[in-house]
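Start from the sequences and build out the full structure, keeping to the hints where you can.
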Amino acid sequence: MKQENQPENRELRVRRIQNGTVIDHIAAGQALNVLRILGITDRSTEVLSVVMNVSDRKKDIVKIEDRELNPGEVDEIALISPDAIINIIRDYKVVEKYKVILPSEIEGVVRCMNPNCITNTDEPVKPRFTIHRGDGVELHCMYCRRIITDRIADFLI
Amino acid sequence: MVCLENGNIERLVHYFLIHENDYIQVMEGRENPIQHIINIQSFSRGEIDRILDRAAQLEPIAHGGVSDIMAGRILATLFYEPSTRTRLSFDVAMKRLGGNVIDFGPTEGSSVAKGENLADTISVMGGYADAIVLRHPREGAARMASEFSSVPVINAGDGAGQHPTQTLLDLYTIRKESKLNKVKIAIVGDLKYGRTVYSLAHALSMYNAEIYLVAPDQLRMPDSMKRDLVNKGARITETGNPDDVIGVVDVLYITRIQKERFPDPSEYQAVAGSYKITEETLKDVKDDLIIMHPLPRVGEIDPGVDKSRHAVYFKQSFYGVPVRMAILSMVME
Ligand SMILES: [Zn+2]
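Residue numbers (the working numbering), protein chains in the order written: chain B, 447 to 603; chain D, 2 to 334.
If you're looking for bench data, these hints aren't it; they were derived computationally from the structure.
Glycine residues also receive a C-beta, built at the ideal position from the N, C-alpha and C atoms.
Fair warning: there could be bad hints in the mix.
[As the list claims (entries may be wrong)] Pairs of lysine to any residue, SDA-like flavour, derived with a Cα cap of 20 Å:
1) Lys115(D) with Asp568(B)
2) Lys96(D) with Ala57(D)
3) Lys227(D) with Arg482(B)
4) Lys277(D) with Lys233(D)
5) Lys233(D) with Thr576(B)
6) Lys233(D) with Thr595(B)
7) Lys316(D) with Asn209(D)
8) Lys233(D) with Ile594(B)
9) Lys233(D) with Glu584(B)
10) Lys227(D) with His586(B)
11) Lys96(D) with Arg86(D)
12) Lys227(D) with Glu584(B)
13) Lys233(D) with Asn209(D)
14) Lys233(D) with Met588(B)
[As the list claims (entries may be wrong)] Derived Cβ-Cβ restraints for the label pairs, each shown as a range:
15) Lys539(B) with Lys193(D): 54 to 60 Å
16) Lys504(B) with Pro34(D): 28 to 34 Å
17) Lys193(D) with Ser490(B): 44 to 50 Å
18) Arg228(D) with Phe601(B): 17 to 23 Å
[Stated by the list, open to error] Now the stretches of chain B that chain D is said to cover, found in silico as 3 or more residues with beta-carbon under 8 Å:
19) 563-571
20) 586-599
Structure (structure tokens):
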């Protein structure tokens, strides 16, 4: 990952944060969904910057100060943005940098889009999906077998 | 291989054949050795062949033989929506094998009618019965039930989802009355809402079938399903006109076309008219063509066809008994 092109490096440098997380290479247009996953609302106190449609509409970037992500949050980001890169910043330095990894299975994260699915009832069962990567990300419901291919963020619980 | 009387050696051989399979099953899924029947997609061709072989062995019993394979065993049926034919077919299969059946249906005053959830009902039933047959209006209900059940769950239809015993009896009929390998089959009618069509096409593709999907525009199979079938190796051709294919196929599989699917009654009349199978339709078909229908029919096949050598739909319905016998004996033995 050292061969990052120059403009991107500059971008990181321009808005440097002391401690926190920079989520880079978010699929264009998904930054607001990333905030939703992180539970950030208009009442949140985190200092953050959101850059959308950078590099000719190819990606979004989210920077949050004084916050590191938990593995569950990273998994959810992978669902809507499988190429996202997480940078952990401490004392102005990138101390860790990794690409999100799409989990092979998720439970209780996304609800099934099929209204007639058993997971959309009062039964004590959490929605579970196996995850496949074709052109985009595909979620296959393990109960009704319905496949969710787009607008996954709309179904996040 | 089946012991109609006191064939003790046969019984012993039979026992070992079955338990060899059980052993494999247990080794493969140690934490959950119970064998549920949830969907046809989870079966390999070899596993389907084994079930159909077993059904063939048991068919004499379905014709009125006597057996005690399931003696002392109790099957529970739990139907959240009526399907008398399927329920009775399981009932008969179990009783012909010498077993007992209890019905947990949502009758007045029962815990089910009082709104107990499926998970609780299944947990309770596992204490009473050796296997559970479940019919439920929600897709995925059988899969969920299997997670709560201490005994095998057999899916007898969940919503528009799966109905694996119907698919298996369809395969048995094709194997017995025609040929399963490389069969040319036209599946005709409602391919959009028909619950069994996708599963049948999927299973047939394992046998290298040539599948013709014949449906009016309003009832064509959804593209996502077609793509999925093609990805799994199915050979599919689509047409809106039954006449295109009726002369070349080995099997004509007719499904119900329901009036409710058409916003305009005259549209329904037109489709129902052009899709109706009559003696006239069958003038130029292959000699050994068979006509199947999951029944009940609502006018898709003229009663005049019933006497023709092509009509196998009543046999098909009967084959539900040996096929369900095979499944019951496999999950409970
Ligand atoms: Zn589902």
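Could you tell me which of the hints above the structure violates, numbers in ascending order?
-> Numbers 3, 4, 7 and 16 - these are the hints that the structure violates, sorted from lowest upward.
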